[in-house]
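Q: Those protein sequences? They're chains A and B, same order as listed.
Going by this note's numbering, the first sequence wraps up at 384, each residue one higher than the last.
Going by this note's numbering, the second sequence wraps up at 384, each residue one higher than the last.
Hints were generated in silico from the structure; no laboratory data involved.
It is possible that some hints are incorrect.
Identical chains share a label here; the pair holds if one copy fits it or two copies do between them.
[Unchecked claim] Computed cross-link-like contacts, DSSO-like style, restricted to lysine-lysine with a CA-CA straight-line distance of at most 30 Å:
#1 Lys314 - Lys372
#2 Lys191 - Lys322
#3 Lys76 - Lys336
#4 Lys22 - Lys12
#5 Lys354 - Lys336
#6 Lys336 - Lys297
#7 Lys272 - Lys191
#8 Lys336 - Lys75
#9 Lys185 - Lys6
Number of protein chains: 2
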Amino acid sequence: MFKVIHKDKKTNARTGLIKTAHGTVHTPFFMAVATNATVKTLSVQDLFDAQTEIIVSNTYHVFVRPGMEVIKKAGGLHKFMSWPRPILTDSGGYQIFSLALLRKVTDEGVKFQSHVDGMAHFFSPEDIISLQKILKSDIIMPLDECVHYPCQRDYAEIATRRTTLWAQRSKLAFNNIVSKTKGKTSAKDKQLLFGIIQGATFKDLRKQSLDALIDMDFDGYSIGGLSVGEPDNLMQDILSYTIDFIPQDKPRYTMGVGTPEQIVESVEKGVDMFDTCVPTRYGRNGTAFTSEGKITLTNARFIKDFSPIDKNCDCYACKNYSRAYLRHLCNAKEILGLKLVSYHNVYFFMKLMRDIRQAIEKDRFGEFKKDFLKKIKKDEN
Amino acid sequence: MFKVIHKDKKTNARTGLIKTAHGTVHTPFFMAVATNATVKTLSVQDLFDAQTEIIVSNTYHVFVRPGMEVIKKAGGLHKFMSWPRPILTDSGGYQIFSLALLRKVTDEGVKFQSHVDGMAHFFSPEDIISLQKILKSDIIMPLDECVHYPCQRDYAEIATRRTTLWAQRSKLAFNNIVSKTKGKTSAKDKQLLFGIIQGATFKDLRKQSLDALIDMDFDGYSIGGLSVGEPDNLMQDILSYTIDFIPQDKPRYTMGVGTPEQIVESVEKGVDMFDTCVPTRYGRNGTAFTSEGKITLTNARFIKDFSPIDKNCDCYACKNYSRAYLRHLCNAKEILGLKLVSYHNVYFFMKLMRDIRQAIEKDRFGEFKKDFLKKIKKDEN
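Assemble the whole structure, with the sequences as input and the hints as a guide.
A: Here it is as structure tokens:
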């Protein structure tokens with residue numbers, strides 16, 4: 004299901020293909036985040052226009068609203084949200100820990116109350132697999148325990164051990180469903196299961212976690228617990244350490260990473276998959292990514308700036324609207340403004356990934372990275 | 004600039020063309036409302052897709068934000084908002100009376116404080132003309148005094164007299180600018196000036212108002228002060244009375260009207276132009292117009308309804324998304340939901356106007372009206 008196409012001659016960056024039930028995607032890729040079964044502000048056509056090949060959604064969020072009965076009746080998440088291309092679903096573990104109320108974590112699973120209606124629920128690792136079977140996501144993430152930074156050693160040990168235990172139970176549950184439904188399912192139903200490496204900022208725990216997961220042989224490996232409040236150099240250090248132990252023939256995913264800078268740094272180390280709500284969240288706040296760094300459109304300096312967000316961008320927003328107009332819309336809290344900037348940002352991230360893949364295939368990722376980082380240093384923030 | 008193309012044989016409904024600086028538009032038409040220089044939630048492409056020929060914006064709103072300096076520097080409102088087709092601008096008098104703070108109205112004009120930043124301003128009728136010259140709107144509305152329902156006879160008299168006085172001063176200011184700029188302006192700068200008939204619900208005041216305006220010979224006539232809280236039958240009665248005195252060869256415009264029912268009723272009487280924020284305002288509340296009446300998508304009955312908003316509609320929202328999905332989006336306050344329902348509603352109104360024009364040209368407007376009203380009686384509200 005994963006094939007490395009080209010390795011950059013001077014770095015660990017690589018291009019590849021992941022074959023999923025709903026289509027093949029080019030790595031390294033970035034997934035826009037469709038938390039509530041929608042990439043915030045964007046239609047499916049907008050995502051097509053931005054050349055989006057795969058998006059990420061969230062089991063916890065979809066479970067609490069609209070609920071699994073609705074998704075089941077729709078025939079899965081793709082049909083519900085009218086998105087025909089691949090979807091990766093996170094377990095939502097991270098969201099339960101950060102968003103849900105009155106949660107209690109034991110080895111059995113996690114008890115919580117929905118942040119939407121306060122209803123009490125319990126998720127075991129097996130539940131999370133079953134729910135993602137109903138979602139029909141192309142790539143499934145197991146339940147894990149993600150800790151925030153900084154995390155005490157003793158709690159990091161507990162969370163790492165628990166994540167490993169849950170990974171075993173998830174794998175077993177996944178295999179059971181696969182063998183039970185053998186012969187009854189079509190290629191459209193084939194799902195991939197990834198393992199999530201935890202261990203906070205402790206290298207020995209990271210090693211324990213990944214060794215155990217690699218023994219279980221997952222379809223890909225996610226490096227979890229990054230971008231959770233730690234300094235950027237510590238994140239890159241843990242990433243560098245961890246990634247070297249992941250088999251070359253498996254896709255590597257850094258969950259929740261990151262900014263354009265972090266993506267470029269991580270691709271260089273050999274990461275294949277990214278996701279973050281940064282482009283849409285920043286977009287809704289009027290901050291736009293450009294080839295010369297971020298700009299905050301609500302700033303007074305744009306009041307009579309009739310140039311596009313980014314003169315090097317050919318997205319709909321840049322081809323049709325000025326900074327002055329978008330500034331006005333964002334200041335007036337007009338939905339069109341939030342949408343156009345979000346759209347531009349997603350387009351910018353997608354274009355960045357295409358540029359990255361092209362640079363790798365020309366064995367010039369190092370130069371690309373240097374140029375890119377130099378240009379965006381003009382960043383106003 | 005206005006030409007009647009076809010008069011329905013059995014009603015007063017008619018089709019026609021209005022030629023403006025930015026293009027020719029088919030009457031009867033409906034204008035989506037671009038209060039803050041944006042039809043709420045919709046891009047210019049969305050408006051094109053809905054086959055929108057003309058939109059309405061608002062002098063007061065644009066004046067307070069982003070301000071005339073910005074619009075002037077942009078080269079007018081069309082360029083600022085990237086909308087190349089005709090724009091009618093209301094004076095914003097109605098908004099000053101309903102939205103601005105600490106207003107004081109005298110024969111000289113209106114003193115008010117901006118609802119955005121509290122800044123004090125004064126608009127004379129001449130100012131309103133000058134501002135709309137800067138906006139470069141295709142159709143200009145003069146400052147008028149619109150009263151709410153119910154209105155005492157004595158105040159209605161004052162407001163009617165003042166509206167007539169302001170109309171004279173507006174016409175004079177408009178003609179002065181036209182003669183001063185003669186030979187220096189292109190066809191793209193040619194603007195049309197309408198008169199606004201007031202008189203509240205008093206027929207003799209309506210007659211006085213319209214007689215005075217017709218003497219001044221405006222490019223078109225708006226029947227103002229409708230849809231301001233009066234019962235529907237009273238509105239239709241005042242409209243019927245007033246419209247008969249407007250010259251046949253001038254376009255007639257009912258400002259702020261209305262619902263699909265009101266539009267159909269008014270077209271029958273010979274109205275050519277409509278505007279209201281109903282489609283976008285209802286859209287943002289999750290209420291959709293359909294060929295079988297309005298539906299409120301957030302209702303529980305749509306939770307597993309995977310049919311489109313309107314099976315007879317071929318808009319992007321109806322071709323791609325289900326009621327269940329839109330319900331979910333609206334419930335979760337997701338911007339995509341508010342946008343898709345707004346888009347559908349604007350599309351619905353535009354399609355209604357196309358259907359109306361077609362029915363008139365086939366001399367079957369009466370049957371069309373009967374069928375249309377019968378079908379939408381299924382309206383859930």
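Q: Now look at each hint and say whether the structure bears it out.
A: Status of the hints after comparison with the structure:
no. : hint            : result
1   : Lys314 - Lys372 : within (20 Å within a copy, 50 Å between copies)
2   : Lys191 - Lys322 : between (37 Å within a copy, 23 Å between copies)
3   : Lys76 - Lys336  : between (36 Å within a copy, 22 Å between copies)
4   : Lys22 - Lys12   : within (25 Å within a copy, 64 Å between copies)
5   : Lys354 - Lys336 : both (27 Å within a copy, 29 Å between copies)
6   : Lys336 - Lys297 : both (20 Å within a copy, 27 Å between copies)
7   : Lys272 - Lys191 : neither (32 Å within a copy, 57 Å between copies)
8   : Lys336 - Lys75  : between (36 Å within a copy, 22 Å between copies)
9   : Lys185 - Lys6   : within (25 Å within a copy, 71 Å between copies)
Against the hints set out earlier in the document, a violation occurs for number 7 only.
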